[in-house]
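Take a look at the letters that make up each chain.
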Amino acid sequence: MSDKKTLGEMLTERGVSRRTFLKYASYTASIMALPPTAATAIAQGIANARRQSVIWLSFQECTGCTESITRAHTPSIEDLIFDFISLDYHHTLQNASGHAAEAAREAAMKENAGEYIVVVDGSVPLKDDGIYSTIAGITNLQMLEETCKDAFAVIAVGSCATFGGIPGANPNPTGAVPISDIITDKPIINISGCPPIPEAMTGVISYLLSFGSIPELDHLGRPKAFFGEAIHDRCYRRPFYERGMFAKSFDDEGARQGWCLFEVGCKGPVAYNACATLKWNGGVSFPIQSGHGCLGCSEPNFWDMGGFYKPLSTAKGDPLKWAGGAAVAGAAIGLASAAVARKKRNDILKEGN
Amino acid sequence: MQRDSAAPCLSERATGMALSVLTEIHQLLKALSEAGQSGSIDLRSLPLSDADREQLENVLGRGELQAQLNLAGESEVWETTYPGVWWIRHKGAGGKIATEQISVCRIPEILITHPADIEAAAARLKQELETTHV
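Residue numbers (our numbering), protein chains in the order written: chain R, 1 to 353; chain Z, 1 to 134.
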């Protein structure tokens, strides 16, 4: 449950100094692409904030998003987020189960009405009255609508919650839809990815805590700090792309030399995410650095984009001519997908009636 | 610093970014000297190669003051050989660099004791005096 003390008071009692807040704030400012001078305001904002109640709902998902945010490390700056929030409901992490778990969710909603944040991973099935995924005797749709009713904001994490993801892939047997197709009267922040980069999730929560407002979002509702640039734009292999040096297979000389993976299906030019800069596993690597093309998992309908190993289509078979249109194509795909997703939800509901 | 053994090309090459950063530091130093205005550069936000970073660190060097901080992982702060130019390195999980910045100021904020910590220290010492019999 949320503590009535400020985070500053609470953590000072535990011997956590304001220098630690400032360190965390510097880290947050850096990952959110804010000026370093914003760190002081973030530290002050977090210190003055109350512990944020968070209700985490898991629907049609694989728990990869939870794995991502809780990746096991020694206690460190990245883990401080768990001191700043009160995770009042989370299937995988909470001790309570059954009626006690649901009671915890209901109590958190009542005590923090209008102030709590709902984090959702997984899509929501609508077909056949939503019977394909139920929790505690109610459908995901019912639980989502009930829980979001008095929320301050909703954070959809992972490509299933943001765009329908794998459950929503063709032929979408359960009528899976993203959260934004259902919740239309609350601010929704989409943090896509399969799974999303953990820093993107913690960064957004820290931003909400510090400033009490929503960070700047792109046309798909994703924070621009993490989704403002294509993987391709910040890829360390891009100079090879510019010179037309491409690996033709995963075991040729080009692949061994670290050349561009465009022709073996890399979706970096149409994938907007921070993998190339923040990387994974504490900054160790990211798929392209490990020798595999980007799957474009942070984009709508990535599972149906024509095959992971098939190159993005080119007008005349010349990958270099294709480059200029990449950003425009990415944006167009995104806009079209959002419209398709909304139509899909309406169609499924009509079909059900 | 992690490197990709399959593609070491860029991380080992200097790109000229170090010179750009040094030019910006010079501008910030002038602002500090003439108007007392502090400024910072987030090194993580810049596409620096390993070689650029090394070049920058070598040119700036380490001056007469260095501090090690233990705050949810290690942090290091040192004044470079250019007084007023500080290098701040925060480490996170597994000792990896979480964020790194150049701060141009009289003293970095992270070295200054916050009033809330002073207040808490006074309260804690008072409690200690009340319960300890030396």
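Since the hints were derived computationally from the structure, they do not count as laboratory data. These figures come from a predicted structure and were not determined experimentally. For every residue, glycine included, the Cβ atom is placed at its ideal position computed from N, Cα and C. Where hints are given, some of them may not hold.
[Claimed, not checked] Simulated pairs of lysine to any residue, SDA-like, Cα-Cα distance not exceeding 20 angstroms:
#: 1; chain 1: R; residue 1: LYS224; chain 2: Z; residue 2: LYS96
#: 2; chain 1: R; residue 1: LYS5; chain 2: Z; residue 2: GLU119
#: 3; chain 1: R; residue 1: LYS127; chain 2: R; residue 2: ALA113
#: 4; chain 1: R; residue 1: LYS224; chain 2: Z; residue 2: SER45
#: 5; chain 1: Z; residue 1: LYS96; chain 2: R; residue 2: LYS5
#: 6; chain 1: Z; residue 1: LYS30; chain 2: R; residue 2: THR37
#: 7; chain 1: R; residue 1: LYS5; chain 2: R; residue 2: LYS127
#: 8; chain 1: R; residue 1: LYS186; chain 2: R; residue 2: LYS127
#: 9; chain 1: Z; residue 1: LYS96; chain 2: Z; residue 2: LYS30
[To be verified] If you want the footprint, here are the derived chain Z segments under chain R, 3+ residues with CB under 8 angstroms:
#: 10; region: 17-29
#: 11; region: 53-66
#: 12; region: 98-106
#: 13; region: 114-121
[Unchecked claim] Over 12 angstroms on every C-beta distance to chain R, these chain Z residues come out as not near it, computed from the model:
#: 14; residue: ALA35
#: 15; residue: GLY36
#: 16; residue: SER40
#: 17; residue: HIS90
#: 18; residue: GLY94
Evaluated hints:
1. R:LYS224 to Z:LYS96: violated, 25 angstroms
2. R:LYS5 to Z:GLU119: holds, 16 angstroms
3. R:LYS127 to R:ALA113: violated, 30 angstroms
4. R:LYS224 to Z:SER45: holds, 14 angstroms
5. Z:LYS96 to R:LYS5: Measuring from Cα to Cα gives roughly 33 angstroms; hence the hint is violated.
6. Z:LYS30 to R:THR37: holds, 18 angstroms
7. R:LYS5 to R:LYS127: Status violated; Cα separation ~45 angstroms.
8. R:LYS186 to R:LYS127: violated, 24 angstroms
9. Z:LYS96 to Z:LYS30: violated, 32 angstroms
10. 17-29: violated (count 0)
11. 53-66: violated (count 0)
12. 98-106: It holds: at least three residues are needed, and the region 98-106 of chain Z offers 4 whose Cβ sits within less than 8 angstroms of chain R.
13. 114-121: holds (count 4)
14. ALA35: At roughly 15 angstroms from the nearest Cβ of chain R, ALA35 of chain Z sits farther out than 12 angstroms, so the non-interface label holds.
15. GLY36: The assertion about GLY36 of chain Z holds, with a minimum of 15 angstroms to chain R.
16. SER40: Check fails; 4 angstroms does not lie beyond 12 angstroms.
17. HIS90: With a cut-off of 12 angstroms, HIS90 of chain Z comes too close to chain R, as the shortest Cβ separation is near 5 angstroms.
18. GLY94: Violated, because the least Cβ-Cβ distance between GLY94 of chain Z and chain R comes to about 6 angstroms, which does not exceed 12 angstroms.
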